[in-house]
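Protein chains in written order, with the numbering used here: chain G, 1 to 114; chain F, 1001 to 1110.
Don't take each hint at face value.
Taking lysine-lysine and the DSS-like style, the derived pairs with C-alpha atoms no more than 30 Å apart in a straight line are [unchecked claim]:
1. Lys1042(F) x Lys1001(F)
2. Lys68(G) x Lys1042(F)
3. Lys68(G) x Lys78(G)
4. Lys1042(F) x Lys24(G)
5. Lys78(G) x Lys1001(F)
6. Lys1001(F) x Lys68(G)
7. Lys78(G) x Lys24(G)
8. Lys24(G) x Lys68(G)
9. Lys78(G) x Lys1042(F)
10. Lys1001(F) x Lys1068(F)
Anything over 10 Å on all C-beta distances counts as not near chain F; from chain G, calculated [to be verified]:
11. Gln17
12. Glu18
13. Thr20
14. Ser66
15. Ala72
16. Pro81
By construction, these hints were calculated from the structure, which means they are not laboratory data. Note that the structure is predicted; figures quoted are calculated from it, not measured. Backbone N, C-alpha and C fix where the C-beta goes; we use that ideal spot for every residue, glycine too.
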Amino acid sequence: DAGVIQSPRHEVTEMGQEVTLRCKPISGHDYLFWYRQTMMRGLELLIYFNNNVPIDDSGMPEDRFSAKMPNASFSTLKIQPSEPRDSAVYFCASSLGTLNSPLHFGNGTRLTVT
Amino acid sequence: KQEVTQIPAALSVPEGENLVLNCSFTDSAIYNLQWFRQDPGKGLTSLLLIQSSQREQTSGRLNASLDKSSGRSTLYIAASQPGDSATYLCAPLVARQLTFGSGTQLTVLP
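Taking the hints into account, I'd like the entire structure generated from these sequences.
Here it is in structure tokens:
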């Protein structure tokens, strides 16, 4: 299996622009997670899905952030409009069940908003 | 709210040394705890998952222990190698959510 695939690897955009991050989970995994990593705050859970349905989005910072999972093999995280404080590495992860299975991470998207 | 602390924040050791990384957490009502490794510019790789009912879990040169009542876990690395250089993070699972520590950055010198 190719693992969790994220695109793009790097994104540089100007403040106010829309940014869309993409994720393909491991085939057969029924849970998908979006995390954000910064030096100041470490790894933070933004939202997670189970069987394509959002379960907990309490970590989404504000209404500028939205996430979708239209099918079992694809998810997006959108920021509109983007701000410099959104600069971070965004990780997607998937697992087969949340409790007893390891979490598998993608290589992340490094977002820079200028 | 779960708080996770990892000590030390950074560690540098010569090759071949055995070492211990520490993780403490405030909410002991965990379901399990995972140890991850993160290489620069990469995502996290799960190393070991230890259930709350377990005391230890081993994989190769790695051994993780868990003392749920005291809110502590350790990751023991035997005979360290330069390839073990990375940041190691622990993450207890509470209420269906993982909370990550800030990690220990390990450097193994050849």
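Inset, instruction - State the violated hints by number, sorted upward, taking the hints as numbered earlier in the document. - result: Every hint satisfied by this model.
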